[in-house]
Amino acid sequence: FWAARWSGAALGWHKRDVNPHLQKYNDLFVEKDEGNRIFVPLCGKSVDMAYLASNPKVSHVVGVDIIKQAAEEFAEDHPTLSLKEFQTDESCDSTSSNSIFHGDDITIIVGDLFNLLQMESDERSKYVTLGSTVSTEYDGLTSYLFDSIYDRASMVAIDPSLRNDYASYMGDILRPGGVMLLVTLDRRKVTNDAAKSDGPPFSIDESEVRQLYESQGWVDTVELLEEVDDLTSDDDKKRWEKKGVLELHELVFVIRKKTSESK
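Here our numbering is used: position 73 in the sequence shown is 73, and no number is missing along the way.
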């Protein structure tokens, strides 16, 4: 599915500019004065990764995407990050090309997101830092955990049946007290049931986010920061009306992990 989408001319999910929510809540999301490690699931070739990597408070951005073309195009679009492809003997996905792209304070892993998340913590830690110059010191933790997770286009892209597993895995890779910035889409008003359930991107409203994450043992708080009307132009309205969607809202959440290491 995604390979076919990438081979086409239209990449509806890819934005040319840095996400305004990321810019607005940057200080909330990047909390430590230095050494912040950030995970970007299903990163594509998002310019948001370059924005995060340029932050002096950030020491390492790790993105993962199953499409190698995304990493290649990101490297071409951002030459100052000096991303180079490395072939590894290890892989988080037996069907992938075993490629990891390393650059200045940034790593893009080509492979299946869930295969990476399902690794044992020590195996995943070695894989995430494999061949890079980032510190392998884990700040007293037992594995390489992330201070923040930035999910703008991941949860809305995965099959809804995988959401519970996904939410659980996010707790596995986030350090105690860590923060997740989550952006979802809410197909609030539709003309038929199919328009509500269609995707990706799949619709996830506030109640669904709260039900999912507040039931996770690792979650401390779930806060809705804001919601934005996503159909502000006539072109957007017409495009989504053809899909049976009359009202579409973007929801922005901050999800905090408990300070205790136990989930």
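Hints in this document: simulated from the structure, not taken from any laboratory.
Please read these numbers as outputs of a predicted model, since none were measured by experiment.
Be a bit skeptical, because a hint or two may be false.
Calculated cross-link-like contacts (lysine to aspartate or glutamate; reagent style DMTMM-like; alpha-carbon spacing at most 25 angstroms) [unchecked claim]:
#: 1; residue 1: Lys32; residue 2: Asp220
#: 2; residue 1: Lys68; residue 2: Glu31
#: 3; residue 1: Lys24; residue 2: Asp205
#: 4; residue 1: Lys126; residue 2: Asp205
Outcome of the hint check:
no.: 1; hint: Lys32 <-> Asp220; in the structure: 18 angstroms, holds
no.: 2; hint: Lys68 <-> Glu31; in the structure: 31 angstroms, violated
no.: 3; hint: Lys24 <-> Asp205; in the structure: 21 angstroms, holds
no.: 4; hint: Lys126 <-> Asp205; in the structure: 36 angstroms, violated
Of the hints listed earlier, those the structure fails to meet are numbers 2, 4, in rising order.
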